[in-house]
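Given chain F, put chain R in place with the hints provided.
For the protein sequence lines, the chains are F and R, in the order given. Note that our numbering numbers the first sequence so that position 94 is 263, with each residue one more than the last. Note that our numbering numbers the second sequence so that position 65 is 69, with each residue one more than the last.
Hints listed in this document are in silico derivations from the structure and should not be mistaken for laboratory results. Please note: incorrect hints may appear among the correct ones.
Said to hold, decoys possible - Far from chain F, by Cβ distances over 10 Å, these chain R residues were calculated:
| no. | residue |
| --- | --- |
| 1 | Ser26 |
| 2 | Glu28 |
| 3 | Asn30 |
| 4 | Leu47 |
| 5 | Arg48 |
| 6 | Glu73 |
What the hints assert, rightly or not - Straight-line C-alpha distance at most 25 Å; calculated DSS-like pairs for lysine-lysine:
| no. | chain 1 | residue 1 | chain 2 | residue 2 |
| --- | --- | --- | --- | --- |
| 7 | R | Lys87 | R | Lys75 |
| 8 | R | Lys13 | F | Lys214 |
| 9 | F | Lys211 | F | Lys248 |
| 10 | F | Lys265 | R | Lys61 |
| 11 | F | Lys171 | R | Lys74 |
Where is the CB? At the ideal position from N, CA and C, for every residue including glycine.
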Amino acid sequence: RKEVEQDPGPFNVPEGATVAFNCTYSNSASQSFFWYRQDCRKEPKLLMSVYSSGNEDGRFTAQLNRASQYISLLIRDSKLSDSATYLCVVIHSASKIIFGSGTRLSIRP
Amino acid sequence: DGGITQSPKYLFRKEGQNVTLSCEQNLNHDAMYWYRQDPGQGLRLIYYSQIVNDFQKGDIAEGYSVSREKKESFPLTVTSAQKNPTAFYLCASSPRRTGGSYSNQPQHFGDGTRLSIL
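Chain F extracted, bound-state conformation (with noise of 0.2 Å):
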């Protein structure tokens, strides 16, 4: 099983539709969640860090589940900028940083 799994998607759904997708992780000692964004040939940006109490950002909302090991970034009234890859981001210890191959979400008109 691998430390980290996302879906690698692809999720194509309409403008102004709700999506969401998880993140889950397989060592339970992780200490600090994050979600990048990814354009095609570009580097990941750092999109949000997620919180046992959960956060929003706009139209952005992170959620971290420590029980079932899972994160989930929903993104509401999508937009075509929205179209790209993210990446969730786990990490255990300075040198024990786990990232997911990344889900890509393509926004149709």
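Chain R alone, transformed into the frame defined by chain F:
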């Protein structure tokens, strides 16, 4: 503007040749990292450094070497021992939280170097 600068953007390597990828940051971050990304895959950690003159191997360090002589700079050398070097190489940095922890700080990335074999 503060940020991380990687150069060159594109690099070609001949068989048996060592090449060095540059990474410079002016964010005053203590920690720096090198990752490799292959098509359709996540990032894999090559080396990381938490302090000047110290660095540690990541998951795929074989065939690579690094140095950390200055806080701002963390160059990566892809040696001839790396038999499959074609990939997208990403450098990142992160600050150290008060109290010494790195583990809850997000990383910030440079815009990458694409390395190909001639």
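Against the structure, the hints:
1. For serine 26 (chain R), the condition that its CB be more than 10 Å from all CB atoms of chain F holds, with the nearest at approximately 15 Å.
2. The claim that glutamate 28 (chain R) lies off the interface holds: its Cβ sits roughly 15 Å from the closest Cβ of chain F, which is beyond the 10 Å cut-off.
3. No Cβ of chain F approaches the Cβ of asparagine 30 (chain R) within 10 Å, the least distance being about 17 Å, so the stated non-interface status holds.
4. Not every C-beta of chain F lies more than 10 Å from that of leucine 47 (chain R), the closest at about 4 Å, which undercuts listing it as non-interface.
5. Against the 10 Å criterion, arginine 48 (chain R) falls within the reach of chain F, whose nearest CB is about 8 Å from its own CB.
6. Every Cβ of chain F is farther than 10 Å from the Cβ of glutamate 73 (chain R); the closest lies at roughly 20 Å, confirming the non-interface assignment.
7. Annotation: proposed proximity of lysine 87 (chain R) to lysine 75 (chain R) is violated, straight-line Cα distance about 30 Å (limit 25 Å).
8. A hinted pair counts as satisfied when its Cα atoms are at most 25 Å apart, and lysine 13 (chain R) with lysine 214 (chain F) qualifies at roughly 17 Å.
9. At roughly 19 Å between alpha-carbon atoms, lysine 211 (chain F) and lysine 248 (chain F) fall within 25 Å of each other, so this suggested pair holds.
10. A C-alpha spacing of about 11 Å is found between lysine 265 (chain F) and lysine 61 (chain R), which places the hinted pair at or below 25 Å, so the restraint holds.
11. This hinted pair does not check out: lysine 171 (chain F) and lysine 74 (chain R) have alpha carbons roughly 35 Å apart, beyond 25 Å.
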